[in-house]
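Those protein sequences? They're chains A and B, same order as listed. Residue 218 in my numbering sits at position 218 of the first sequence, with consecutive numbering throughout. Residue 70 in my numbering sits at position 70 of the second sequence, with consecutive numbering throughout.
Treat the hints with caution; some may be incorrect.
Unchecked claim - Not everything, but these chain B residues come out facing chain A in the computed CB check (under 10 angstroms):
no.: 1; residue: V37
no.: 2; residue: E38
no.: 3; residue: S41
no.: 4; residue: L109
no.: 5; residue: Y111
no.: 6; residue: L114
no.: 7; residue: Q117
no.: 8; residue: E143
no.: 9; residue: P145
no.: 10; residue: N151
no.: 11; residue: H152
no.: 12; residue: R154
Think of the hints as simulated: they come from the structure by calculation, not from any bench. Owing to the predicted nature of the structure, the values given are computational and were not obtained by experimental measurement. The C-beta atom is built at its ideal place from N, Cα and C for all residues, glycine as well.
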Amino acid sequence: MNRLLILGLCLAASPAMAGEEDVGGYLRVMTRPDFQGGDGRLGYWNLYGRLLNEGPFVALESRLHLLRQEPGSDEVWTRIHGRIEGGSVGNADMGNGNLSNMRLSQLYVQAGNVVLPDVTWQVGTLQTWMGDLGLYDMRPSTLFDDTVGLSGHWQKDKVDLLIGFGDAGYARKGMRYNTIFSGGANLRVRPIRRMELGLGTQIWHEPKVVGNRFAPHSTPDVSYEDMLRGESVQNWSVANPDQTQNFPDPVPGQATSWAVVGYVGFGDVGPLVWNSLFVRVQRSHPDSFTTESFDGEVFDIYLNDLTDERNVVLIGDEMNLRLIPDKLDMSVAGLYGRHTDADNTIAPSDHNRTYYSTVTRLQAYATPQIHFLLEGSLAQEISHNGNQYRNQVDSVFQNTDGVVDSRGLEIGDSDTRTTVQGKGGVVLNPLGPGIYVRPSLRLLYGVQWSSQNNAFGNSFVESLDQYNEFGNVERHLHHVLALETEVWF
Amino acid sequence: MRSLFISMMALLMACAPKTAPQAAANATPVTLAMSHVEMDSGRVVQVPERMADHLTRALTKNGYQSTLLAVEDYPGELQARTKAPHRALFLAKARGSNTLFVLVEAKALFYSQLRGQNRWVVSVEATAVSDHSIENAIVERFEVPVFLRYNHEREPEALATAGPTIAQRVSRMVQDARALAEGS
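Okay, chain B solo, but in the shape it has when bound (with noise of 0.2 angstroms):
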């Protein structure tokens, strides 16, 4: 009898509806630019909600309070700059703020169909630069296997699934980032 009504207990408390976690107020502000590269075109666009929402919350939960940059907001000459750190350090000194920076940048591609489910694998560059100085930016580079159900679904949805991942990954990094810049 006893265990049933700890079972229930749990069960009810997992059922309470959940709040998104909130910044606390002296939480360490992070500008955050993440965009895809479609495999197509090779055009620039934002990522998925689902996807920036992921890594927002994670930073949120580690002590961040998290701006996010549109992609339309990029200056025109980002372009040139072929490294992923120089592009991180172009867009931050555009940006003007002396916060952490973090450019996640992604693009997915399909692999295989494989045993029911479609498998792809979706390729992330993410850099956090901080203090306008390219000698304090980390670069991490990872692939993350992902599987849709359906054959419709196709980058948008990769990248959103691969979601929770990246943003794990990611604030990690900026972790590293914060101490590094701390510790210079």
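For reference, chain A alone in the conformation it holds in the complex (with noise of 0.2 angstroms):
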């Protein structure tokens, strides 16, 4: 945060300030006091939609014109956006708003007529999406989410088509950074005034680097169950006694992952305003390594071989409709996610699952101000690996084919969780009507039943021990009252 406020002072006290200013932003804020034992969410995630299952949220952003863009002109134009956004306020989460939880997400400066006629070109973050499923708040075609490089984004009356490249190891690795390339394009088409099709593609590319540790390495001999248990040199040791020093060395390697999204967007055509449907397909890039002790020493295991065959497939689709223009909306949206990971045929994961879910909200409208919202949604996630989920407040921890097992890899007893909610309430609307219209100030209830017991965060002792001091207790159904606000400015 220190480093954000040098930033700001330095762009403060540069002559470049001469340029305009101005500010935009998100937040959306609650209070949904839990009388079960809950976090104040109906449920786990927004596959069961975005309502009442997310928590605050600030995004504040900035953008200052250096060289203002003139309408028709070819003279150059610059500008510098900054963004620092988080999901913590004060009062309103565990976090209490404290400037830990944020962080400058964006910055990026655009320079047009430059070189190229109508040519955008972009150096900093480059995040990019065609679109959005607002019922979940999920964007799948998002592109270039964990870049920092160059873009140059071309934009005609039908076609827009933008190509980027740069530098997503810090993203993706953090701390254990190696340079991961990260190119990739973006092509939207109007064919008509009423539809829309869009393609993008992102290639990521982490070379081998011998004698940097947090390149790709693989380390040998590993099977994914030892890995899994944190059991890898044990059990090489056993297998090779008093040669633990002898453990096999990692073996450089390069790792390649990618995504393509499509995009076809339609509407304007009686009561349907617009219809967008997303896909993507992603082969996930490989984690870096975990560490291991045995015996007072620390092994670094590696892991790219082990973690290199992660896919996934998402599709979704949102539809607006105007049933009785300004009196009846409705939005009604589908998703399908299916995560594979062929590495890893044992143990149930996030990358092992299949989910799918609807979501269908109405919105109707007793004045331009006041609304009445109803929303439900319906919800399946699947595991690949077996059980993951504790449907019972008896069910063990850990299991094998429904077995007790205390090595076992599974967790309770059913690999498949169904939800099923239910919002309601009362909107107020100040600009008037429109399910995204916003500022939202909201009065809802909501309801969820889940197969699994106590499906929502909470600070449960959910241990079957006898001396478990608290007890346990089987809920399935779980309510929820919310006061909350969003705005869009």
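Hints given; two lone chains; assemble the complex.
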């Protein structure tokens, strides 16, 4: 944060500050007292719809025009954007608005009419997307979310083309930084007024760098199960007594991953305002390394070969309908996700699951400012590698084939979680009708039924130990009352 | 039961068909010239109908009878005037009427993608002149941030979305201009 303040002061002191600045942003803040012991969210995540399943959030973005863009002019223009955002607000969540929850997520300079006409050059962070699944707060077409570099965006009436490249090493690896080249492109065309098509791709390549401990490496002779249990070195030592010092050295390699995104949008036909269909197919980038302790020594187990077969397919659609103009709007969305990990065939994980969900929201306008909201969602999540969910209060934490096994890799008694949510209430929209018109002040009630026991963020003591002093509770219904506001500004 | 009845009545009343405000017989005449400057080409074009509707409705509600001047009817010499009050006065004189004349010039500039929406900023320069006198000119410059759901929505949608805010600000300015004209 100190660096951020220094940056701000430097910008303020710069002679270039003769430009004009304007600030925009986003915030949502709420109170959701939960008398069932939860943390104020109806369910675990926004697969069940963003409403009542997300916490507070704030984003502040500043734009400074150094050379203002003038209409129809071929003169150079340039501006700076910076955005600070984070998921905490004072008195509204456990972070209590602490600035350590905030980050400078976007910082870039744009310039136009440089070398090529109709091209906007951007240097800095490059995040872009083709659209939004508003009911889920998900953007499957996002590209360059992790990249700092250069992009060129050519924009005409019917065609948009963005090409970019840079480095995704810090976003992907943080303190274990190694350069990850990131490059890609995004093309959008509007063949007719009522339709838009988009196709984009991004490729990541992490080269082999001999001698760099943070470059991609694989530790030979390590099985996935041993790695998962943290017993690679122990089992190797059993097989090779008194040879721990000869535990295999990591072998350098390279890592490549990619994503392809597609978008079809159409609308302005009858009651259909717009329909957005997104597809994302991705080969995820492999992990770096994990550590194990054995016999007083710490060993790094490199994971390039054990985590390089993770794939994601995500398909999402959202349809916005104006059923009765200025009286009733509806938004319907569906989401399908399939994550597969060919390296892991033994343990349930977020990389081995299928989920699908549908969310429907109706918003009726009693007056332009006073609305009634009704939303329902149905979702199912299925683990590919056995049990992952505890349906009963006395479900065991670890089992194999439903039998208690302290070394089992599964959890609970079901591989499927089914969740149904219903939400409703009154919305005050000072700026008038519209499901996505903000600001919104909402008084909502939400109820969730889940096949999983206590399927919401909580601080329950779930141990089955006889010395558990707090006892266990079985609960599949969860209720939440919410008073909240949301605004883009 | 009583509260339920009142709620139902309120809902029914809300659902009743609404009629657009009609100008009173003794409404003050005002001539409106509303234009949009395209960022790409620099061309001056008509503002979207939705945006103009918001302002004419607001003026009608406040007791004005507005007449909209089409951009195609602007004299070619207008572009030689670089300041808004000069343009407004030139248009008012070319029009030849002594009514209150209001020139609204807008442009929309994309800001950024922000948490699922596209932020645009609509810059407006509104000028009201009366009695063909630049001394009675009132100029107001302001910006309206708007958020568009879809990436294919561009300048016209941004202007239309900013319509209610622009209408509120400009109709207040028109009230001031009338008060100034009546006081002078």
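Each hint tested on the structure:
no., hint, in the structure
1, V37, "holds (4 angstroms)"
2, E38, "holds (6 angstroms)"
3, S41, "holds (5 angstroms)"
4, L109, "holds (7 angstroms)"
5, Y111, "holds (6 angstroms)"
6, L114, "holds (6 angstroms)"
7, Q117, "holds (5 angstroms)"
8, E143, "holds (7 angstroms)"
9, P145, "holds (6 angstroms)"
10, N151, "holds (6 angstroms)"
11, H152, "holds (5 angstroms)"
12, R154, "holds (9 angstroms)"
Comparing the model with each numbered hint stated earlier shows that all of them hold.
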